[in-house]
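There are 2 protein chains.
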Amino acid sequence: MITNSIGRKIPTTIQGYKEVIPYEGAFNRNPVGLIHGRALRKSDRLKRSKLLNTYSEVFEAVGLKDGMAISFHHHLRNGDKVINETVAALAECGYKDLTLVPTALFGVHKELIKYIESGVISCIYGSVNGPIGRKVTEGCFNRPVILRSHGGRARAMMAGDLKVDVAFIAAPAADCYGNMTGKMGKSACGAVGYAMTDADCAEKVVVVTDNLVPYPLAPASILQTQVDYVIEVDKIGDPSGIVSGTTKVTNDPARLKMGHFAAQLINASGLIKDGFSFQTGAGGASLAGASFVKELMEEKQTKGSFASGGITSYFIEMQKAGLFRTMYDVQSFDLHAVKSIGENVNHIEMSADMYANPHNGGCVVNQLDAVILGATEVDIDFNVNVNTEADGALLHGIGGHMDTAAGAQLTIIVAPLFRGRVPLISEQVLTVTSPGETVDAIITERGIVINPRNEELIERAKEQGLNVKSIEEMKDLGDKICGKQTSVELTDNIIGVIEYRDGTIIDVVRQPVSFV
Amino acid sequence: MITNSIGRKIPTTIQGYKEVIPYEGAFNRNPVGLIHGRALRKSDRLKRSKLLNTYSEVFEAVGLKDGMAISFHHHLRNGDKVINETVAALAECGYKDLTLVPTALFGVHKELIKYIESGVISCIYGSVNGPIGRKVTEGCFNRPVILRSHGGRARAMMAGDLKVDVAFIAAPAADCYGNMTGKMGKSACGAVGYAMTDADCAEKVVVVTDNLVPYPLAPASILQTQVDYVIEVDKIGDPSGIVSGTTKVTNDPARLKMGHFAAQLINASGLIKDGFSFQTGAGGASLAGASFVKELMEEKQTKGSFASGGITSYFIEMQKAGLFRTMYDVQSFDLHAVKSIGENVNHIEMSADMYANPHNGGCVVNQLDAVILGATEVDIDFNVNVNTEADGALLHGIGGHMDTAAGAQLTIIVAPLFRGRVPLISEQVLTVTSPGETVDAIITERGIVINPRNEELIERAKEQGLNVKSIEEMKDLGDKICGKQTSVELTDNIIGVIEYRDGTIIDVVRQPVSFV
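If you read the sequences in order, they're chains A and B.
Numbers 1068 to 1583, taken from the numbering used here, label the letters of the first sequence in order.
Numbers 1068 to 1583, taken from the numbering used here, label the letters of the second sequence in order.
In short, the hints are calculated from the structure, not lab data.
Hints may be right or wrong, so weigh each one.
Identical copies carry no separate label here, and so any pair may be met within one copy or between two of them.
[Stated by the list, open to error] 27 Å max Cα-Cα, derived DSSO-like pairs, lysine-lysine:
id	residue 1	residue 2
1	K1181	K1302
2	K1114	K1340
3	K1406	K1387
4	K1085	K1340
5	K1202	K1253
The structure presented is a predicted model; accordingly, all values stated were derived computationally and were not measured.
Using the sequences and the hints given, assemble the complete structure.
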């Protein structure tokens, strides 16, 4: 075991992991080497269609073998049918020992559990949400799953740390030569930013579509030059699970209060001025924060530069109202966003690399002024856990949390002071997702805690008379309500690795005794 | 010397050339190895601007050294100011022995001659048009220039055969973080397809703009993730030289006749049906061909798929009339095209890689039904020369000639039977640009010659009663008018290499005695 710069104990070697580099600060690692290039190919000019008829033909054509790594995107979210169907077809063809490299998994993917049990899937490098996360916590794999942020995953693929043999890309529309988009079709999902990096880096790329259109599909999000084969299926997804209708701001008073505090703090920071850039998640308190920021921007007649992230109807309204010039969208969160990205020239699809890769020429999160993020747990060093639950179960992915936290000038965490008698703030989080040095403030319904590292912000918040507390004060408030907590008892079995966006290891997840 | 598969004598080693691989047929070479990746970088999240003030700061920041390779695009054509200014700045800073890697050079670049003479520029890998071509023919360099097609250049960069240390990218609009586009600004040039590959492959990328806009410039053609530095200058170009007004169809009866023959042949081929795809150059006979094809399509109510290439007002009209769904544009040829690409969602910018690289997953030329191309000389084996003039001077680049000839199902060459008492057709062309096996027909004002390899086309043309001649008959017609030609006397000094699009050498250019 070695101890990284924030005191987390990391094994010196991890099975299935190239080289363990302990986390050494959010901005300290310098990458070495070249961007990973896939093998050069020759395109047969007489072969004007890449269509194959069956999954087994596809597997043979791409040279799929036991032990390979296969990737998928999660733009179809809980409506996705492609991962389950592809893995079922793989199982039917007798493949085993495959590493799944999804950008995320959802409840709908619980069907994969039987393929985990039968050895078709031998590990997962990617977010393991919900039922699959529970399965992982029960110790279903012989090696740990590796969790990466959206930017970190792009980095890892481009650095050759995360090698994908075959990317299967669900396509709401595609032509027979592989040009694809998520912007139209019965299974439209909007942006396909996470899949763009896979299309660029995977050794073989297969487009899976339920909406074959005449050549050429243009403009395309993923190009024919990147694609090896196309397969047509009945349905890539269930529209009801792909996107929700409109994302609505909460009515919950506690969440509204947190949103209000967040907006007050952003205002106090002085960032709300022409050129302001902003990102929030789609959670209730975050959107409440956005709604109060909107009011402030309208009041000040601020002309912002861009909003980014998963785009919601809320940001679309703000853009239409002239509050932002541009929306950078890596995944479209609701029906309005799906519609807008196909129509609005200022609604821009971006890849995961463009969004958040720390090892390119400069990603979008570097230009973010303020971001509002959530947490399942924070600690007195401002470290944030979004991966594990109070019982130690590894149920959530990283998303863009550590990317935006690191990139934005002002990173605000909003979360209720306690949930089900478990306080938000602990002495030390069970799992570190985003390091405290990248977090400026933690906001609960009881007030604002500012990281002592950001002296200027403390000063500004006090000048404005905001409800500022120390982390210890806020922790006490939660502890008083919830009472003494028993800590989760852990085994030595490492079930997950939390890779920081720069490729170092910020933490590992140990199996709780209660899940053995 | 070795002899390649079309009988051209090629040296076994060429100075400055990695490995000589003789041409072995248009579709035979299988690439090996990986796509070349540049070095991984770290973006400093606190550095929100990549702007530098002077060229000398830029040269220092990118680590420019004597002997390096620097690239430029030619989207500003004869209005370009960036190449001359950058090279002048390099000369002023005392740099020497630089290899210039332009996508093409124009008359305006004759200013470079003094930097060739003073040793600032020691060779050119790229098209050497006009005055620079004449200089090269006079033997100004110690090693041959290397000419590549648009697709071949993209291939060479992506295969790591053509390494660029610093790409200087002229940008009609850019933001301080490097996002750029050619679609707006006083120096707007439309598509910047040739520059896109440089932005992806060069070790360092510098954006040079005369139109700095607020961050973010989006949608962008080249992204911030690819760019290292930005410099603002007074003027990147002279609009009058960048694009012409409207490209007009010729009134010249000979050219109209050739265009008519070309359209007749395309019609006879049976390709004019729904899904038809088409490309022509902007030359008079080519556009005349397009105008007759347009009439045929209207008559048959054909719904074509795409037009590609350098896009002209002519194709824009056809697209608006519903004759093509999509225009794929690698460079916009006239003002209408520049305007259209910024407004029309079916007018799609494509990279040189997407356009024509034979070693990716499939380029656009592979999907072309018919292309009409020009020639300075053809021979009885249907080989085409577009590079050297009758006196042996190397005055023209390859452009997309060999790419589209190879990709299209029907490749038609149109050229007058003779020019200034020099016949079009010779026993053997002085320089092979596009091999005869990729050419289906040669059309002059006196009729149509079909390559005997395409038996079906001969059959169809005869059925339609077209004016078909053998290559020998057509050659005789020209010879009778022009009289006996004296062949150009050549030295052994190789001044140029004609690289085939797949990286093999199809021919070399020897210095004519008259230019020594």
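Now for the hints, and whether the structure bears them out:
1. In the homo-oligomer, the alpha carbons of K1181 and K1302 lie at most 27 Å apart inside one protomer (22 Å), although the nearest pairing across protomers, at 64 Å, exceeds that limit.
2. In the homo-oligomer, the alpha carbons of K1114 and K1340 lie at most 27 Å apart only across protomers (19 Å), although the nearest pairing inside one protomer, at 55 Å, exceeds that limit.
3. In this assembly of identical chains, K1406 and K1387 lie within 27 Å of each other by CA distance both inside one copy and across copies; the values are 14 Å within and 25 Å between.
4. In the homo-oligomer, the alpha carbons of K1085 and K1340 never lie at most 27 Å apart, since the shortest distance is 45 Å inside one protomer and 54 Å across protomers.
5. Taking the shortest Cα distances, K1202 and K1253 never come within 27 Å of each other, neither inside one copy (32 Å) nor across copies (60 Å).
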